[in-house]
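Protein chains in written order, with the numbering used here: chain A, 1 to 122; chain B, 1 to 132; chain C, 1 to 98.
It should be emphasised that the hints constitute simulated quantities derived from the structure, not laboratory data.
Remember, it's a predicted structure, so these values are computed and weren't measured experimentally.
No residue lacks a Cβ here, since even glycine has one placed at the ideal position from N, Cα and C.
Some hints could be false.
What the hints assert, rightly or not - On the chain B side, residues computed to face chain A include the following (Cβ under 10 Å): (1) Leu18; (2) Phe31; (3) Phe42.
Said to hold, decoys possible - Computed list of lysine-lysine pairs in PhoX-like fashion (alpha-carbon distance at most 25 Å, straight line): (4) A/Lys2 <-> B/Lys48; (5) B/Lys24 <-> A/Lys84; (6) B/Lys48 <-> A/Lys115; (7) C/Lys41 <-> C/Lys78; (8) B/Lys33 <-> A/Lys84; (9) B/Lys77 <-> A/Lys84; (10) A/Lys84 <-> B/Lys73; (11) B/Lys24 <-> B/Lys48.
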Amino acid sequence: MKTLAVVVTTPPYSPLTVTALSYVETALTAGINVIGVFFYQDGAMHANENISIASDEYQAIAQWQRLQQQYQLPLHICITAAEKRGIACDSVDNEQINEAFTVSGLGELVELTTKAIRLVQF
Amino acid sequence: MISSDTTTESGLSQGNGLAIINSKAPFSSDFGKDALDVALLFGSFEQKVSLFFQGDGVYQLIANQDGTLVSIKDYLKTFSAFEFYDIEDIYVCQQSLVNRQLDETFHIENVNVLASVEFGLALNRHQHVLRF
Amino acid sequence: MSTLHLVRKSAFTTNDFAQCLSVLDQQDAIVLMDDGCYNLKHPLMDSLIKRANSTVSINVIANHAQARAVETLAAVNKIQMNDVVELTFNHQKVITWQ
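Just chain A, with the same shape it has in the complex (with noise of 0.2 Å):
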């Protein structure tokens, strides 16, 4: 079974991110089981619910929510890179986080590398 893990680095609004979301929109196409992406260092930013991205511009964002809809992908931020960058997460119920992702911590990107046959970081 090709099982993968992906950790992302770069937040929403970086050309970067576009080139993560490719890889991962084509391994899940190709059939490989993306295990879950784990958002660490500006990669947190993604949960920011406050970003606004001009409406011509790519949303990556958005983008994530389509995959993990479309495919159930776990996406998980690190919560101390997040709380870092000016997104709490201390209550359940959370507006400021987006609700396709999940807050975890670096213990969820041990689980993806002990299940993950490959891991690819971005």
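Dock chains B and C against the given chain A, drawing on the hints supplied.
For chains B and C alone, coordinates are given in the frame of chain A:
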């Protein structure tokens, strides 16, 4: 062409754990601290993790530094806890030291200084690699 | 074990590509993507290609090179993202140089 053998592989149990490559100097970005957080977390979960230092990353190991002089929490001091977390395999790229005119005076023990070929071979023994 | 190397930065700006080359093994593959495409014109690429008996597979994501108006080279394979996914599983691990 080497074909992938997927029937019995399962993440970190195949190959020799996680390798983290440190490529950045310690006090001008969060990369060193972010890498350390991953390393210690994996160690605390009893997962095999090895540390590699290459390029400007070798600066993280040099002795007599003091981040507090520039108001930075000196996370380098936490390196002395590696053994406690069973992080035993620490590799430094010799060429990176030579290029920077650094001698092998490190602030931790048990650092393996390797020439490029051996550095690559050590890296190759690991299942997953993250680079910061 | 062979490795797939994803090179995303220009060697004209950072040392990432040089560091990648220093750990490269004979059965490895390189994929130039994002600004890594600019490395097609870098002296390091030239010496990599000219290495006698080199069996390293060198690839570039065609769209990424074309977007940047970077000419590709005969010795470099033009690939798509689905090839990158395939390479991921043809090699035993992936290192991203960024």
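Quick rundown of the hints versus the structure:
1. Evaluation of the B/Leu18 hint against chain A yields a held restraint, the C-beta minimum of about 6 Å falling below 10 Å.
2. At its closest, the beta carbon of B/Phe31 sits 8 Å from a beta carbon of chain A; the interface hint therefore holds under the 10 Å criterion.
3. The beta carbon of B/Phe42 is positioned within 10 Å of a beta carbon in chain A (closest approach about 6 Å), and the interface hint is therefore held.
4. Between A/Lys2 and B/Lys48, the direct Cα distance comes to roughly 22 Å. Compliance with the 25 Å bound is thereby established for this hinted pair.
5. Of the supplied pair hints, the one linking B/Lys24 and A/Lys84 holds, its CA atoms being roughly 20 Å apart against a limit of 25 Å.
6. The straight-line distance between the Cα atoms of B/Lys48 and A/Lys115 is roughly 14 Å, inside the 25 Å bound, and the hint therefore holds.
7. Simply put, C/Lys41 and C/Lys78 have alpha-carbon atoms about 15 Å apart, close enough for the 25 Å limit, and the pair holds.
8. A C-alpha spacing of about 13 Å is found between B/Lys33 and A/Lys84, which places the hinted pair at or below 25 Å, so the restraint holds.
9. For the given pair, B/Lys77 sits about 22 Å from A/Lys84 by alpha-carbon distance, which is consistent with the 25 Å threshold.
10. About 15 Å separates the Cα atoms of A/Lys84 and B/Lys73, which keeps this hinted pair within 25 Å; it holds.
11. Between B/Lys24 and B/Lys48, the direct Cα distance comes to roughly 22 Å. Compliance with the 25 Å bound is thereby established for this hinted pair.
Of the hints listed earlier, there is not a single one the structure fails to meet.
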